[in-house]
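Peer 1: Protein sequences appear in the order of chains R and H.
Heads up, the first sequence is in our numbering, so the first residue is -11 and it goes up one at a time.
Heads up, the second sequence is in our numbering, so the first residue is 143 and it goes up one at a time.
Hints were generated in silico from the structure; no laboratory data involved.
Where hints are given, some of them may not hold.
Stated by the list, open to error - Straight-line alpha carbon distances no greater than 16 Å define the calculated EDC-like cross-link-like pairs of lysine to aspartate or glutamate that follow:
hint	chain 1	residue 1	chain 2	residue 2
1	H	K479	H	E417
2	R	K119	H	E321
3	H	K333	H	D476
4	H	K608	R	E251
5	R	K127	H	E321
6	H	K495	R	E97
7	H	K336	R	E251
8	H	K336	R	D94
9	H	K479	H	D340
10	H	K249	H	E213
Unchecked claim - Here are the computed distance ranges between Cβ atoms for each label pair:
hint	chain 1	residue 1	chain 2	residue 2	range
11	R	S49	H	S534	51 to 61 Å
12	H	L625	R	A12	26 to 36 Å
13	H	L625	R	P50	40 to 50 Å
14	H	K387	R	S59	19 to 29 Å
For every residue, glycine included, the Cβ atom is placed at its ideal position computed from N, Cα and C.
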Amino acid sequence: MQFIKPGTNINFIGKRKIAFVFSAMMIIITLLLLVWRGGPNYGVDFSGGVLIQVKLDQKRSPSEIRNALKSVHLQDSIIQEFGEEGQFEHLIRVMETDIELSGLSDQVEQALIQEFGQGVEMRRVEMVGPKVGEDLRQKALFAIFYAVLFIAVYISGRFELKWMMSIVMALSLAFVVYITSSFGISVTWLIFIAMIVTLGLCWFLKLKYAMGAIIALVHDITITIGVFALTDREISLSIIAAFLTIVGYSLNDTIIVFDRIRENLRRFRRRPFEEVMNSSINETLSRTILTSTTTLVVILALFVLGGGVIHDFAFAILIGVIVGTYSSIFVASPVLLIWEGTFAKRIKDKKRTPK
Amino acid sequence: MSKSLGWRGAIALFAVFMGFIYLTPSLTRDLPAWWSNILPRDKINLGLDLQGGMHLVLEVQSLKAVESHLERVTEEMKNDLRKSKVRYLGLERHGTESITLTLIREKDRDIFQDLAGTNYPDFEVESISNEEGQPEFHLVLLSKARARIIKMAVDQALETIRNRIDQFGVSEPDIRPQENNRLLVQLPGIKDPKRAIDLIGKTALLEFKLVDEENSVEEALKGNIPPGDEILYQVKIDPKTGRKKKVPFLLKKRTLLTGEYLTDARVQIDSQYNEPYVSLSFDARGARLFEKITGKNIKKRLAIVLDNKVNSAPVIQDKISGGRAQITGRFGMDEAKDLAIVLRAGALPAPVKIIEERTVGPSLGKDSIEKGFRSMLIGGVVVILFMIIYYSLSGIIADIALLLNIIFIMAGLAFFGATLTLPGIAGIILTIGMSVDANVLIFERIREELRLGKTPRAAIEGGYSKALVTILDAQVTTLIAALVLFQFGTGAVRGFAVTLSIGIIASLFTAIFLTRIIFDYLYIQRRMKKVRI
């Protein structure tokens, strides 16, 4: 049985302008959303505070719960319904970190029992003090930073077979980051600078495949963050884990396509770049669609059946897989094309200019 | 060819066999006796988010420890000065940094200098003359000594808390130090998190101080606290209204006796009111001190102070020998038991602050496991069916690989003693998707080779060799992400990184090695004609 008949030839590259506009739109919407909300929606893990998952014995509205919390001065907490229908579960999120956080969950439990009777069950409590929140933020950002670093080195080495180049790039990146970090810049800026430097180095060292892959990665993560901001979901530690997994997965996809492109370029030196790219993507299409579909199926099962706690994580991976597949076809490859266009043109011009 | 097939088959079967061996302890409750003697017994650890329990990070307030130490040194100095008959004008502690001593007579300077050299090695002693021409000494705490005090405080806190938890009776608690003077405490399956937190967080400093009967409490409350005195409160709960009332006591600051001298603290029931109280027993030295204190202060009130709150202040009727005392109050049985525990285990050298607390109730833990495994089952079944439909016989081979993968991951977790968390289950689910990926890559290549007209054997050979590099590439990048997550992650996230890593390695093994054996067996050994793919 075959989904994609051999010899399929969809003109992906031809459609790249539309894709480019679409991607650009999504990224701009993401950035606008982030600016408007003053940053991503950090969960307790990163901003500190208390998160309580409570189960009641009948349906109560958030305002009833808010009322009950007045007696402990927590009526300004964020209250959301959680999990499946008929479970009567709610999430209470206390944002302040300057009050005494330990023992807060007891106070909340008492207040709720006073209002609603004994049928109150504290399913889960997460309390993160401000110091720990900051620590976790740092750790998460460093994790992302190192992941990007190692992956950049690996791709450059693997693709361009320029291991020396990639080590040079890693060292220069580490050096630049060391210099800038001694100015005491926050980790977020460090990551931003690291990205710019990495892309710059890719440009100068002519690591075109690495560049394509990294741009696709950044595209994927940005859009996933955007969807989270759009659906008002919180970024917690497990979501960061999901991001890193998406990084691995998206790279996975991109590498498969790039491998094929390189193989075909070697075989068909005469053919124009665009054509080779298109046929490579078409050849790997079968495999790309199959893997994405099977992964989507299992993650969808987790998303629907896995319960509230893992729900956001499954959502992140879901979005990541979809966007990751899309970016391997419509972002990574066109970047290669643009590159070829710019550099190949220069070489042609050089050849034409008389010496 | 058949020789290598034999060897490879043997290795494969051995791996599968070991997989089952390591998996079995987690599946059955009772292992037969002969098993426990030779074969591994480790079950898979369940994370706190799956079995319910509490995760606490405590910060030892190390500055307080340094402060207390300086206080003690100041008291010691007073004693030493008295013994050497050196009179002094002022003796003051400055925060956590230094102590200043002002002497009266110039000739005492040398006496104290010698004293400082032998008795106070932790300090850098600076000898000057102050503005009024009096001899003054600045004793600055050495940073090495400070670091040592802080480390000792953290170690002692660790031991004390471990002691308390042992007495509380939690199965398999995990208590360990972390950087920045922090302690990690994990209590799986705990039923009463509130009690546990109270138990752990209580400083439990027991002190006996005299009540100052000569001066008035009211005057002191207005701000005129006599030197050497302090105001501490007793918290009384009105039995009728349940409201708390704070009763002030004017006490002499000097601590006459502390909980250090306790050998035992036991819960007893008062026969008259049927209420629990805690009876204290002192050791020989403590008993002697107690006898001396009570002997010298008959008819005066002795305050029992717990964590700077007055518990009671009974009148000393007579000299008490035998070293026994009582702590009473309107305790519930649990409260009395916990108080006895902390007094027995000893006071914390410095207060601890809870800076992170994650508690999962057992019902949620059970739910999470059920839901996680159900989605894995359903997702897995869909994928298995799909592979059979799409790739026919070869699909079945890929499905065998998939099932073996899951077994290998679980066995791997048991083998490494790793913990399975809810994101870990998600990691297993992801591995299902990714192991299919590896097989798909190989099968699509084989299809291509067949289309080019190659024989089954050549097609399989070509498919595997061409796909190998791509598979390795793809899996390595995910492995890098997993390893970074492992390094920087905590708790649940680490569990995810571990299952993902094990899953990737397992799927590499099954896709490249195991499935190839089956293919070779069918098409070389059994010489099947047509590749059903």
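Peer 1: Does each hint fit the structure? Answer for all of them.
Peer 2: Hints, verified against the model:
1. K479(H) to E417(H): Holds, at about 12 Å.
2. K119(R) to E321(H): holds, 13 Å
3. K333(H) to D476(H): holds, 14 Å
4. K608(H) to E251(R): holds, 11 Å
5. K127(R) to E321(H): The hint holds at about 14 Å.
6. K495(H) to E97(R): The given pair, whose Cα atoms are some 21 Å apart, is violated under the 16 Å limit.
7. K336(H) to E251(R): Cα-Cα ~63 Å, so violated.
8. K336(H) to D94(R): holds, 8 Å
9. K479(H) to D340(H): Holds: K479(H) and D340(H) sit about 12 Å apart, inside 16 Å.
10. K249(H) to E213(H): Between K249(H) and E213(H) the Cα gap is close to 27 Å, so the pair fails against 16 Å, i.e. violated.
11. S49(R) to S534(H): 51 to 61 Å: This hint holds: roughly 55 Å between Cβ atoms.
12. L625(H) to A12(R): 26 to 36 Å: At roughly 33 Å between Cβ atoms, A12(R) and L625(H) fall inside 26 to 36 Å, so the hint holds.
13. L625(H) to P50(R): 40 to 50 Å: For L625(H) and P50(R) the Cβ distance comes to about 42 Å; the hint holds.
14. K387(H) to S59(R): 19 to 29 Å: holds, 20 Å
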